[in-house]
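Given next are the chains, with one letter for each unit.
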Amino acid sequence: MSWILTVLSSSIGKKYIMAVSGACLSFFLLAHLIGNSVSFWGKEAYNSYASHLHSLGFLIYILEILLLLLFLVHIVMGITLFIENLSARPNRYAVKEKERNWSASTMPYTGILILLFLVVHLVNFHFITKTVSTAELVKTTLSNPLIASFYLLSLSGLTLHASHGFWSLFQSLGINHQKYNKLLQLGGLAMAVIIGTTFILIPLLIVTTDSFLQ
Amino acid sequence: MNIIHLTLKIWRQTGPESKGSFKTYESGPITTAMSFLEMLDVLNERLILSGEEPVAFDHDCREGICGMCGSVINGTPHGPEKKTTLCQLHMRHFKDGDTLVIEPFRSRAFKLVKDLIVDRSPFDAIIAEGGYVSVNTGGTPDANAIPIPTFTAEQALDAAECIGCGACVAACPNGSAMLFVGAKISHLALLPQGQPERSKRALAMVKKMDELGFGNCGNEKYCEKACPKGISISNIARLNREFMKAAFCSVEE
Numbered sequence: 001m002s003w004i005l006t007v008l009s010s011s012i013g014k015k016y017i018m019a020v021s022g023a024c025l026s027f028f029l030l031a032h033l034i035g036n037s038v039s040f041w042g043k044e045a046y047n048s049y050a051s052h053l054h055s056l057g058f059l060i061y062i063l064e065i066l067l068l069l070l071f072l073v074h075i076v077m078g079i080t081l082f083i084e085n086l087s088a089r090p091n092r093y094a095v096k097e098k099e100r101n102w103s104a105s106t107m108p109y110t111g112i113l114i115l116l117f118l119v120v121h122l123v124n125f126h127f128i129t130k131t132v133s134t135a136e137l138v139k140t141t142l143s144n145p146l147i148a149s150f151y152l153l154s155l156s157g158l159t160l161h162a163s164h165g166f167w168s169l170f171q172s173l174g175i176n177h178q179k180y181n182k183l184l185q186l187g188g189l190a191m192a193v194i195i196g197t198t199f200i201l202i203p204l205l206i207v208t209t210d211s212f213l214q
Numbered sequence: 215m216n217i218i219h220l221t222l223k224i225w226r227q228t229g230p231e232s233k234g235s236f237k238t239y240e241s242g243p244i245t246t247a248m249s250f251l252e253m254l255d256v257l258n259e260r261l262i263l264s265g266e267e268p269v270a271f272d273h274d275c276r277e278g279i280c281g282m283c284g285s286v287i288n289g290t291p292h293g294p295e296k297k298t299t300l301c302q303l304h305m306r307h308f309k310d311g312d313t314l315v316i317e318p319f320r321s322r323a324f325k326l327v328k329d330l331i332v333d334r335s336p337f338d339a340i341i342a343e344g345g346y347v348s349v350n351t352g353g354t355p356d357a358n359a360i361p362i363p364t365f366t367a368e369q370a371l372d373a374a375e376c377i378g379c380g381a382c383v384a385a386c387p388n389g390s391a392m393l394f395v396g397a398k399i400s401h402l403a404l405l406p407q408g409q410p411e412r413s414k415r416a417l418a419m420v421k422k423m424d425e426l427g428f429g430n431c432g433n434e435k436y437c438e439k440a441c442p443k444g445i446s447i448s449n450i451a452r453l454n455r456e457f458m459k460a461a462f463c464s465v466e467e
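Respectively, the protein sequence lines represent chains V and A. With the first letter of the first sequence counted as 1, position 94 gets the number 94 in my numbering; the numbers rise by one all the way through. With the first letter of the second sequence counted as 1, position 152 gets the number 366 in my numbering; the numbers rise by one all the way through.
Fair warning: there could be bad hints in the mix.
[Stated by the list, open to error] Straight-line alpha carbon distances no greater than 25 Å define the calculated DSS-like cross-link-like pairs of lysine-lysine that follow: (1) K96/V x K237/A; (2) K14/V x K435/A; (3) K98/V x K297/A; (4) K98/V x K421/A; (5) K96/V x K309/A; (6) K223/A x K98/V; (7) K422/A x K182/V; (8) K96/V x K325/A; (9) K435/A x K98/V; (10) K96/V x K297/A; (11) K98/V x K237/A; (12) K414/A x K96/V; (13) K223/A x K96/V; (14) K296/A x K233/A; (15) K223/A x K328/A; (16) K414/A x K98/V; (17) K421/A x K182/V; (18) K459/A x K179/V; (19) K179/V x K439/A; (20) K309/A x K179/V; (21) K14/V x K421/A; (22) K325/A x K439/A; (23) K14/V x K233/A; (24) K237/A x K297/A; (25) K233/A x K96/V; (26) K223/A x K237/A; (27) K14/V x K422/A; (28) K98/V x K296/A; (29) K182/V x K435/A; (30) K96/V x K328/A; (31) K182/V x K297/A; (32) K14/V x K414/A; (33) K96/V x K435/A; (34) K296/A x K96/V.
I should point out that these hints are in silico values taken from the structure, not numbers from a laboratory.
Modelling step: build the complete structure from the supplied sequences, incorporating the hints.
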């Protein structure tokens, strides 16, 4: 079975790992987004969603461990690729290409920003002894302008990351077909923008409107 | 025919181990009908007469089909014109007074030889691993004796257009050779003659590509934009598919 290791440690194999873990994380993102969107229906709905989620008990721990593994794979592989690629082009050009592919070129950097966000986000809402309801916790935490602006910045970074990632994962897995290329490109971009803006809406609404989650 | 004057900032480096730097030259009068390489020829004639070492650059056919020439002009391999090799880039695309920064292709896998010349023999090493058909295909077959749909033949020919100039590697921020290998793999994988060695070829060429120090593809598409032959990144996707099929579905290891 050593052939599997050979395949997965090749340059293309590493991209398969990035693509598959990225696709799984995209599904998590979508699930998280749907959960968050319950907050648009008010405090009661949101609290009830949170308590239902927590009542999953044992299952939630398994999902958390799986999610942690997914993130670790994506992060470790991403950093490996970043370092390898830096050393594959040791000398930079004096003049940079004028037309930059921003979302693609910033993948490692938006990735690191998302990693920082992940730590802050978990400290804010996961590794905390909850004394108030989830809605109140969200409201008070994100009322801090410093935290809110960091959330806005990071979630914009996430949107940029996903706007390249959604299409890129298909390309890495060899899914490129003239009948579907437009759909994959525009669909990926649309998904990134929809997911990104909906996530951003929550800290934005908390900062701008008093009645949200009240 | 117009005459233009340019300022040229050219990378000068005496050898692989020495430290290089930019040197600025005035082009003197350049007619716009000249090609980019002819402009460098004019500069070199002047340098030789003044006793200075001429600028070393690669070139051969000067018809845009051999893949020998290529430098990075103001950040773009082969210069600003789309689907054009450096030898086919004419000076009418530049304006009087322009400053051109001329650099060699830069990547870890392509070692610098001198000035603008880099060693692209790693491409040959990749081809030697499987970029060929080693079964006896017989004499010239009768037309249409082997049925190949026109579209498939066109795709194979589009991939076969690759002249191996290395602009894709030069343009890639990761110094990846995926567009080159994708083109070579696609060219043979699409045709019946390429089938017997299809899996072996994909695994061997990718293995060699990794060994030679090329980077990983980030799907950033700079290669496609720089390619003087317009090789599409759909060939990279095909390489990803071919490698997957060979790795997981064939008996080759």
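Quickly compare the C-alpha distance for K296/A and K96/V to 25 Å and report which way the hint goes.
-> Given that 25 Å is the threshold and the Cα spacing comes to 17 Å, the pair holds.
Is it true that the CA of K96/V sits at most 25 Å from the CA of K325/A?
-> holds (20 Å)
Taken at face value, is the distance from the CA of K96/V to the CA of K223/A at most 25 Å?
-> With a Cα-Cα distance of about 15 Å, the restraint between K223/A and K96/V holds, given a limit of 25 Å.
Pair hint K14/V and K421/A, alpha-carbon separation not exceeding 25 Å = holds (13 Å)
For the pair we were handed, K182/V and K297/A, check the Cα-Cα distance against 25 Å.
-> Holds - the C-alpha atoms of K297/A and K182/V are around 23 Å apart, at most 25 Å.
Taking only the CA atoms, is the gap from K96/V to K237/A under or equal to 25 Å?
-> holds (18 Å)
Take a quick look at whether K98/V and K297/A sit within 25 Å of each other, Cα to Cα.
-> holds (17 Å)
Hey, K414/A versus K98/V, does the alpha-carbon distance stay inside 25 Å?
-> violated (40 Å)
With a cut-off of 25 Å on the C-alpha distance, tell me whether K14/V and K414/A pass.
-> holds (20 Å)
Agreement of K182/V and K435/A with the hint, judged by alpha carbon distance not exceeding 25 Å | holds (15 Å)
With a cut-off of 25 Å on the C-alpha distance, tell me whether K233/A and K96/V pass.
-> Cα-Cα ~21 Å, so holds.
Does K459/A pair with K179/V here, judged by a C-alpha cut-off of 25 Å?
-> holds (22 Å)
In this structure, the hints that do not hold are numbers 4, 7, 12, 14, 16, 17, 20, 23, 24, in rising order.
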